[in-house]
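Protein chains in written order, with our numbering: chain A, 1 to 346; chain B, 347 to 511; chain C, 512 to 743.
Hints are supplied without guarantee of correctness; some may be wrong.
[Claimed, not checked] To spell it out: a stretch of chain C is covered by chain A in this simulated footprint if at least three of its residues, at any positions, have a beta carbon under 8 angstroms from a beta carbon of chain A; those stretches are:
#1 531-543
#2 554-567
[What the hints assert, rightly or not] Some residues of chain A that are not near chain C, with every Cβ distance over 10 angstroms (derived):
#3 Asp3
#4 Lys10
#5 Ala34
#6 Ile36
#7 Gln37
#8 Glu65
#9 Leu74
#10 Ile206
#11 Arg218
#12 Gly239
#13 Ser284
#14 Phe294
#15 Trp306
#16 Val307
#17 Leu311
Read the hints as simulated data drawn from the structure, not as lab findings. Note that CB positions come from ideal geometry on N, CA and C, so glycine has one too.
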Amino acid sequence: MDDWLIAIIKVVCIWVWVLLIAVVMTWVERRGAALIQDRPGPNRAGPWGLFQPLADGIKLFTKEEIIPTKAQKLLYIMGPLLFSVPAFSAYAVVPFGDKIILGGKEIILQVSDVNIGFLFILAIGSMAVYGVILGGWGSNNKYSILGGLRSTAQMVSYEVPLGLALLAIVFVYGTFSLRDISLAQQGTFLGFLPNWGIFKQPLGFILFIVAAYAEANRVPFDLPEAESEIVSGYHTEYGSMRLGLYLFGEYVNLVTISGVIVALYFGSWHMPYIDLGAYLGPISWGIVSFCIFFLKVSFFLWMFVWVRWTLPRFRYDQVMGLGWRGLIPLGLFNIFITALFIQLTV
Amino acid sequence: MDLYFWVFASMSVLAGLFTIAARDALPSAMGLLTVFIALASLYLHLHAPLIAIFQVAIYAGAILILVVFVIMLLMAPGERLAAIQANVSYRGAGALLGLCLIGLVAVGTKGVSEIVSMKALPEGFGNPSMFGDLFFRDFLLHFEVVSVLLLVALIGGIYLCKKKL
Amino acid sequence: MAKPVVKKEYTLSERIYLWEILKGMKLTWGHFWFNFKACWRPGPHTIPTCWQYPEDRTREISPVFRGEHMLQKDDKGRETCIACGMCAKICPAKCITIKKGKRKEGEEDKYAAKTYPAAFEVDLLRCIFCGFCEDACPKNAIVLGQNFELARYTKEECILDKRKLLMNYRKAKEEGKLKPPRKRVPVVPAPPKPEKDEKADEGAEAKKGKPAVAGKAKKKPAEKAESNEKEE
Numbered sequence: 001m002d003d004w005l006i007a008i009i010k011v012v013c014i015w016v017w018v019l020l021i022a023v024v025m026t027w028v029e030r031r032g033a034a035l036i037q038d039r040p041g042p043n044r045a046g047p048w049g050l051f052q053p054l055a056d057g058i059k060l061f062t063k064e065e066i067i068p069t070k071a072q073k074l075l076y077i078m079g080p081l082l083f084s085v086p087a088f089s090a091y092a093v094v095p096f097g098d099k100i101i102l103g104g105k106e107i108i109l110q111v112s113d114v115n116i117g118f119l120f121i122l123a124i125g126s127m128a129v130y131g132v133i134l135g136g137w138g139s140n141n142k143y144s145i146l147g148g149l150r151s152t153a154q155m156v157s158y159e160v161p162l163g164l165a166l167l168a169i170v171f172v173y174g175t176f177s178l179r180d181i182s183l184a185q186q187g188t189f190l191g192f193l194p195n196w197g198i199f200k201q202p203l204g205f206i207l208f209i210v211a212a213y214a215e216a217n218r219v220p221f222d223l224p225e226a227e228s229e230i231v232s233g234y235h236t237e238y239g240s241m242r243l244g245l246y247l248f249g250e251y252v253n254l255v256t257i258s259g260v261i262v263a264l265y266f267g268s269w270h271m272p273y274i275d276l277g278a279y280l281g282p283i284s285w286g287i288v289s290f291c292i293f294f295l296k297v298s299f300f301l302w303m304f305v306w307v308r309w310t311l312p313r314f315r316y317d318q319v320m321g322l323g324w325r326g327l328i329p330l331g332l333f334n335i336f337i338t339a340l341f342i343q344l345t346v
Numbered sequence: 347m348d349l350y351f352w353v354f355a356s357m358s359v360l361a362g363l364f365t366i367a368a369r370d371a372l373p374s375a376m377g378l379l380t381v382f383i384a385l386a387s388l389y390l391h392l393h394a395p396l397i398a399i400f401q402v403a404i405y406a407g408a409i410l411i412l413v414v415f416v417i418m419l420l421m422a423p424g425e426r427l428a429a430i431q432a433n434v435s436y437r438g439a440g441a442l443l444g445l446c447l448i449g450l451v452a453v454g455t456k457g458v459s460e461i462v463s464m465k466a467l468p469e470g471f472g473n474p475s476m477f478g479d480l481f482f483r484d485f486l487l488h489f490e491v492v493s494v495l496l497l498v499a500l501i502g503g504i505y506l507c508k509k510k511l
Numbered sequence: 512m513a514k515p516v517v518k519k520e521y522t523l524s525e526r527i528y529l530w531e532i533l534k535g536m537k538l539t540w541g542h543f544w545f546n547f548k549a550c551w552r553p554g555p556h557t558i559p560t561c562w563q564y565p566e567d568r569t570r571e572i573s574p575v576f577r578g579e580h581m582l583q584k585d586d587k588g589r590e591t592c593i594a595c596g597m598c599a600k601i602c603p604a605k606c607i608t609i610k611k612g613k614r615k616e617g618e619e620d621k622y623a624a625k626t627y628p629a630a631f632e633v634d635l636l637r638c639i640f641c642g643f644c645e646d647a648c649p650k651n652a653i654v655l656g657q658n659f660e661l662a663r664y665t666k667e668e669c670i671l672d673k674r675k676l677l678m679n680y681r682k683a684k685e686e687g688k689l690k691p692p693r694k695r696v697p698v699v700p701a702p703p704k705p706e707k708d709e710k711a712d713e714g715a716e717a718k719k720g721k722p723a724v725a726g727k728a729k730k731k732p733a734e735k736a737e738s739n740e741k742e743e
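Same shape as in the complex, but just chain A:
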């Protein structure tokens, strides 16, 4: 019973935390985009526009829910649900800190440490594709169907390099579980580098991050929802809270992907050379490890915004070409090199 309670508390905490981050991300995105573009961004809604997400939330909640007449009702309603719920669920296997000892119990800061770790994230990522399909198809709108088809093809194609990069990680660490991989990133590598995944798998990191951008439908791969080209693609016909679910689902996806990148490649909660776990007490170490993890995740979230306003959008055939003819051979090459290294050194 206790375990259930702890698990439920963790789940609730994760939901609330991720939602808060998604809300703050809308503000970060708008201010960051504006400052990059030589303008101040929203600065009227509160000091530095901090209440702007609140205003946006109120607007989305109170708008009228319209379902187009010719839309396929079941699909139209299920689309946003299928997109955002997997985004939240995928966070179940991401460790957001080391253990914390509360009331004599040692609680790991991860909702569930299954032995299949990031395969769960891959599987749940495939489910998010359905949200896009249903959104596009159910809207009964040419632009939506186009956007939906393109997005689906893109997300499915980029799951392959994602999986190949992750496969190389499995070679290096020998386990799927994200917690074990995070624990193994302690100490130093070759004497002077921190023992982070990025130094062991540089090519894998590049592959993973490019494939992650494509999976999240973010620039430079955001043709499916390109605002200037196909009028918002698969969420053209959505308004009010359904659109809110799509947009938040996208940000939650970003948070999950950043979490996975940090856990796999950037030594999730470890400080580069100092082992804080030895110095701090158990409760403060739990909190400090969470803060370190969150700092790294926020760096990657900022990178998502930064790259969005740096790069132009890829054309669709360029996206497909990059995925199939560029990243997959690189992924296979990466696996080959990694296997060679492991075989020769172990």
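For this one, chain A is given, so just place chains B and C on it according to the hints.
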């Protein structure tokens, strides 16, 4: 009274019925998706998380998406294949195959009462490393044959789609 | 000569694109950091390319901007409008209404000419701010100023009567935003036509009447302009 099992088993049966009874193509595919997810949950309940993940990632995440792609590329949103559904010979063949399937299921459930309900599982059951051992030691030939099969399918796909050879 | 097109192949680092991405990110980071620091500095206009409008109205408006209308007075404080109705005739949106009044004995220092507008109404809701009235006015009386904040709460407030137009002039004069006087386009008579066939010549001349004056499309303003030139 295993509540978990009954919930997901009834979910899969109902979704299966929805799949064959739905009039539009894409909701039917979504019914199939629900069947896959229910089956994955049942695999989880049987202490086989890796199989559950394979079910979701491969079946629901790749195969069903291909099926949905075909539906999206060949049909319009409100279209129902009324002409094909009204065809008597198709319906007759479907009924015949359905009867064969029922017969198969009846034959297959013959030994159900002999299944022991609780059995001690070997250590590390369902662990991915156990899978690795099985694939690369006991079932290596099967594994290699499957990879050759995939290669043949890949070559076939390329041949079918190439514009000129 | 047109600039020749040089077709360059991509270098390897450009094809891989990663280095270019990093260079681009450095550029955008520079912009972000500059603007981030600017946001923290006190003062109204720290981000150079962005005017925060209602608080910061310091953006320069071009001197030929066509904003709200005003009726000008001359140096002696007399109204210059002679109620000729040219602006009303030429207005494409037909938003000007003029009623003529004759100057009486004691009003020499109020009105500059013998006639003045007893009522002069500009309907801002119809006006398209083209500036034709300003071009057509022989006395340079009606002029489009620099005010663009024309939103009002009722339709009646949007109809400018003569009092409001003169007030606009007074406000603009106080703020020093008057337009410089318009340079008159020199009126040059057309050169005489060369001698051709006599019959064709006579026929053409009989049809046309007076030769067209260079630079002015309408006849009446041209006549008025010529008479004004002679007066001045």
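Taking the hints in turn, this is what the structure says about them:
no.: 1; hint: 531-543; in the structure: holds (count 8)
no.: 2; hint: 554-567; in the structure: holds (count 5)
no.: 3; hint: Asp3; in the structure: 45 angstroms, holds
no.: 4; hint: Lys10; in the structure: 36 angstroms, holds
no.: 5; hint: Ala34; in the structure: 8 angstroms, violated
no.: 6; hint: Ile36; in the structure: 5 angstroms, violated
no.: 7; hint: Gln37; in the structure: 8 angstroms, violated
no.: 8; hint: Glu65; in the structure: 33 angstroms, holds
no.: 9; hint: Leu74; in the structure: 42 angstroms, holds
no.: 10; hint: Ile206; in the structure: 7 angstroms, violated
no.: 11; hint: Arg218; in the structure: 14 angstroms, holds
no.: 12; hint: Gly239; in the structure: 29 angstroms, holds
no.: 13; hint: Ser284; in the structure: 32 angstroms, holds
no.: 14; hint: Phe294; in the structure: 21 angstroms, holds
no.: 15; hint: Trp306; in the structure: 6 angstroms, violated
no.: 16; hint: Val307; in the structure: 7 angstroms, violated
no.: 17; hint: Leu311; in the structure: 6 angstroms, violated
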